Structures are given as structure tokens and as C-alpha cells.
Amino acid sequence: MSLSTTGSWLEVYREIAGRRGRGAEQLLEELKARFVREVVGSELPRAAEWVSHLLSAEERLGRVLGVKGVVYPKELKSFLGGCEDHLRKKLFIYAHDLARGRLTPDEFLERAGAAVRTSLLTNNRSLYQSWVFITLVAHLAERGFRLIYPDDMYLHLERSGRQRTGEIPPNAVLSDGYRALSLFVEAPRPVGWEDTGDLARAWKLYVALRPDMLAYGGRVASIVVPGGDPPVLRPDVVVECKELDDWYRRGRELKGPVVGPLTAEEWRDRWITGLYTGLAEVLNVQPSEVKARLRERRGLRLKDPQIVILYKRFYEPRRMVLVTRAPTPPEVRRLLEEEGVEVYDEVGFSHEKLEGVVDILEEAASQEALRADFVELTPAAKELLREALELLRRRGVEEPPPAVVERALKHLVSSLSSGEQPH
Amino acid sequence: MQISSMPSWRLHRLHARRLLRELGVERGPGMPIEVFVDLLVDAPEEALRLVRDKLRVGDRLLYLLLFEGKLRPEDPVARHDWGAWRGSWAALQAARRVAELVAGRPGRLLVDLHVSLDYLWRVGDLEAYCRWAERMGVAEEVVGYVLRSFSGGGGA
Chain A
2 MSLSTTGSWL EVYREIAGRR GRGAEQLLEE LKARFVREVV GSELPRAAEW
52 VSHLLSAEER LGRVLGVKGV VYPKELKSFL GGCEDHLRKK LFIYAHDLAR
102 GRLTPDEFLE RAGAAVRTSL LTNNRSLYQS WVFITLVAHL AERGFRLIYP
152 DDMYLHLERS GRQRTGEIPP NAVLSDGYRA LSLFVEAPRP VGWEDTGDLA
202 RAWKLYVALR PDMLAYGGRV ASIVVPGGDP PVLRPDVVVE CKELDDWYRR
252 GRELKGPVVG PLTAEEWRDR WITGLYTGLA EVLNVQPSEV KARLRERRGL
302 RLKDPQIVIL YKRFYEPRRM VLVTRAPTPP EVRRLLEEEG VEVYDEVGFS
352 HEKLEGVVDI LEEAASQEAL RADFVELTPA AKELLREALE LLRRRGVEEP
402 PPAVVERALK HLVSSLSSGE QPH
Chain B
822 MQISSMPSWR LHRLHARRLL RELGVERGPG MPIEVFVDLL VDAPEEALRL
872 VRDKLRVGDR LLYLLLFEGK LRPEDPVARH DWGAWRGSWA ALQAARRVAE
922 LVAGRPGRLL VDLHVSLDYL WRVGDLEAYC RWAERMGVAE EVVGYVLRSF
972 SGGGGA
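First to last, the protein sequences are chains A and B. The opening position of the first sequence corresponds to residue 2 in our numbering, with each subsequent residue numbered one higher. The opening position of the second sequence corresponds to residue 822 in our numbering, with each subsequent residue numbered one higher.
Keep in mind the hints are simulated off the structure, nothing from the lab. Computed from a prediction, not measured in an experiment: that's the story for all the values here. Don't take every hint at face value.
[Stated by the list, open to error] A few chain B residues facing chain A, derived, Cβ under 10 Å:
1) Leu882
2) Ala911
3) Arg917
4) Trp942
5) Asp946
We put the CB at the ideal spot given by N, CA and C, even for glycine.
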């Protein structure tokens, strides 16, 4: 795209430039709105359609699992609140730089255009991955599984700050009372560290491959294996999602295998350098070459199908699943299946088409070692249990709630066996 | 300075031993580091065969990318010179990682020295070398050694 073919945002820019900053705020908003529409406008209806699929899945989840809602990562939450508004926010700094003359219109088009397109791609990826996760959890709920962790009755898709204690806790643990399944979204991620020794142990988590979802049978509180390679426990199932039509033609760079561990001191030095560089840019002083130099250093480039195979070879899950929204060409499918990857393609946003993946997850759910099965109690049942405990206590019998429930059920079964009619 | 052919392994080893002496690195048992590094840069398939098990245990991800045909990156890894000429930082970095896993930091420095000498022999211009070395992340110790050894017509 060159300036000669782009349209109306340039007219607004010229008006802003003519005013020399006076009363430009409103015009800047107009410029951002026009820019977003002109750069990615044709893709916005599709993004809106995907958002509505995700919100429908969330609504279904609320109905079948009884959760109050889903907690999304900050960026995705903002995107779901309005794609166009979200993309406009990405232009905040670029638009100011354009208005102040720090960027030429050509530079603005290049940098701000890249920022908007990247944000749209990233959010679409995150959205589809979230749809798959929510839909799988909803299927499991329809098969009798309930959310037992976390216990705030929200399904958490974000992981921000949850690894500060040096552990990687699950996003969700589901149980049907007999079997449990622990799910981790976009793990492994870095854990907290305090000195060079900690950082050396945690380093692999910074550079680890990060599949969309890991599933483990049972209640798994943390998957970190300190100093391990891989740095996490061997998963039962890995699920990777691809939302793009041509995902198999895409590639990605891996820096992990070529970046050596830093010491805590080197880390701090780089952190300070980064702060300095950022500050220098804001102050418009001598622009540092550091950032540009680091940007030049790309990782090793692999095609996306290779990355899927790499997940399988590296983590060695018992089952590896690939979910693609669009059809996957037969030769790509064959390549993956030869490596033991189970491909569910052309899934679109069809709840039903994920049945097979749910079968795999259900098979992975393992017997609860801890025999404290949960039962959902109605408010009336809760009150009856409280009363029963109180009455027993008055008679000098101290029994825990599970024992009292067992006693009540025995009584019910005995009554029904003796021919009594339920009422 | 304008020298067209590549330095011989004899010359590479001479400079490698000098640099190791300067750094106070003592010779360990087994294959000398400089011999392994010459093989690694110029005949990577052969060198990698020698350290296959060490890599499998030391860095599983790097091992998979170097040894599994289906997972070979688009970059010129495990090929003669590891893309150093074409400015492939990532591929050269992979060679450094292998040398580091096998012989620690001295191994990594000797990879930098080997590709530096190759570059200098081919281009023959210290200023161009310095620019290339910065782009490729060549270690300061190696750049310093090269400048000390070859500025003002010095060198072997």
C-alpha cells in the first residue's frame, strides 16, 4: 500500500498539520478511525462475527457449567469489547508522533499499519484459541464435569501474575466426581525468580515452546519441573489451534534454541538498557541503536506444520491434537498424521465438530487419588445439611459433612428398598 | 590487507591456541576444543555425529532442530560456515550453542574466532570486519584479539 492509494486519513492529517496543534484532538480521533477502516476495514465484519461466536460459546458455558463468566486476557477483553475501538487504541502513540511531526505520513502508514494488522491477527488467534478452550470445557460440563478449581466460579483464560510464586497453576481443574482433568492455557510461561540461581532454573520457561493448551489427568497443582528439559511435566494431551485459512504456509521464528541463559545481573542490565532506550525515544534524544540491532537478530525459522510436530517431539504428550478452523490440505494432514498428530480440521465454530477432541480429553481424565468427591448442593439441601450437623452435635455426635451426607443417603436408600415411595 | 583464499585449519588452530592461552584456558582431556570447532564450522555433519548424545541431554530443543530432518529450520544450520557469510545470526548462534554445550564458553569463543578469520581472509578489511562482527554478535574478546593480531599488518 502506498500513499497514493490510501485515502481519507491523509486529508485529515493535512488539516491537522495546517492547524499546528490547535484543536487537533478531535481530528486525531477522526484520523485514527479512518485509518483503521482503510487499513483493515474489510476484515472487521469477519472479526465481529468471530466475536459473536465466542460470546455465544461463553453463554452456553455459563448455562451448562454454572460459571458466572470468563476472565479473558486484558488485550482480548478489550478487543471483544469492540474490535474497531481496540484497534484505534493501538494508534495512540503513532498518531501523536504524526501530529507532532516526529513521523512522516509514509512512516506512519508503515508503522501504524503494521501495528493495527498485527493486533488484529494476534486477537483473532487468541479469540479462536479461547473459543476452542471454552467449547471443550462446555462439552465436558455436558458430560458431567464441574469446575473445582478455581473456586470463584469464573473460568480464567488469563495467566497474568499467577506464576509469581515459582509455580504454574492450572487455568481450570474439572472433575465429574470420579475423574479429574487439569487444563493449562498457553503454558509454560516464566515463573518468578529472585537471583541468578533461580533464573538459571527458570530460564527454560522463558524460551520454552508454548502450545495453546496442555491437559493432564488428575488434579495437577503445578506443572513446573525446576531445571528440567522440557521444563514442565509430560502432558497427557496437547491441543494446538489454527485460525487462519493458510496457517500451513506460515512460519515462525524460534529464539529459544539459540539464546543462552542470562544471569540475573545481565537481565537487570538489559532491563535498564531497555528503559533507557524507551526513555530516549520518548524524549526524542539520541535514538539508541540497541533496539534496532536486536530486532535484526531473528530466530530460527520453521514452518507452522513443523512447529506442530516439534511440540509433539519435544513434549511427548500421550495424544497430540490439532484443531484448524479451515480445511487442511491432504498433504499437510498426511505429514502431521504420520507423526502421530490427530488433526480435526474444518471445525469452523461448530460445537459438534469438537466431540472427538472431548473424547480424547475425557479418556485422559484420571481417577481421583483423593476420594473426596464433590456434589453440588441446592440452597435448601445446604440448609438441611447445616441443620443435620447441628442436631447431631447436640446429641454429642461430631461428624464431618461428607459422613452426614453418606448417612442421609443410606437412610434414603434403605427407605426406598423397603418399598417406601419417594415424596 | 587483501588475501583471497580461506585460512587453513593449521592457521585456525594456531590462532585458537593463542587466544585460549591469552584467556588462560587450560587444555582438557579428549579432543582439543579447537579441533572440534574446526570440524563444527567446516564439516558440521561429522562434528554433530560426535556429540549427538551430549546434545540430546544438554538441549533437547536444539537437538531436535539439528538432528530431525522434518524439523530442520529454513536457516542454514549445520551447513558449512553456518550461514555466517550470509549474515544468518540465528544459524551461527546455533553453532555457538553447540560449541558451548560441548566445551563451555571457550568453545563458543573459538566458533567466533573461526568465522572471524574466515571473514577477514575473504574480505581483508578490518573496518568491514568490525561492522560484520557487531551485526553477528561476535564476542568482544575475539574482536579484540583479531584487531590486536591483524591491525598494522600484524598476524601469523
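Going down the list of hints, with the structure as the test:
1. Leu882: This interface hint holds because 5 Å falls under the 10 Å limit.
2. Ala911: Holds: closest Cβ of chain A sits about 5 Å from Ala911 of chain B, inside 10 Å.
3. Arg917: holds (8 Å)
4. Trp942: violated (25 Å)
5. Asp946: violated (21 Å)
Hints 4, 5, counting from the list given before, are not met by this structure.
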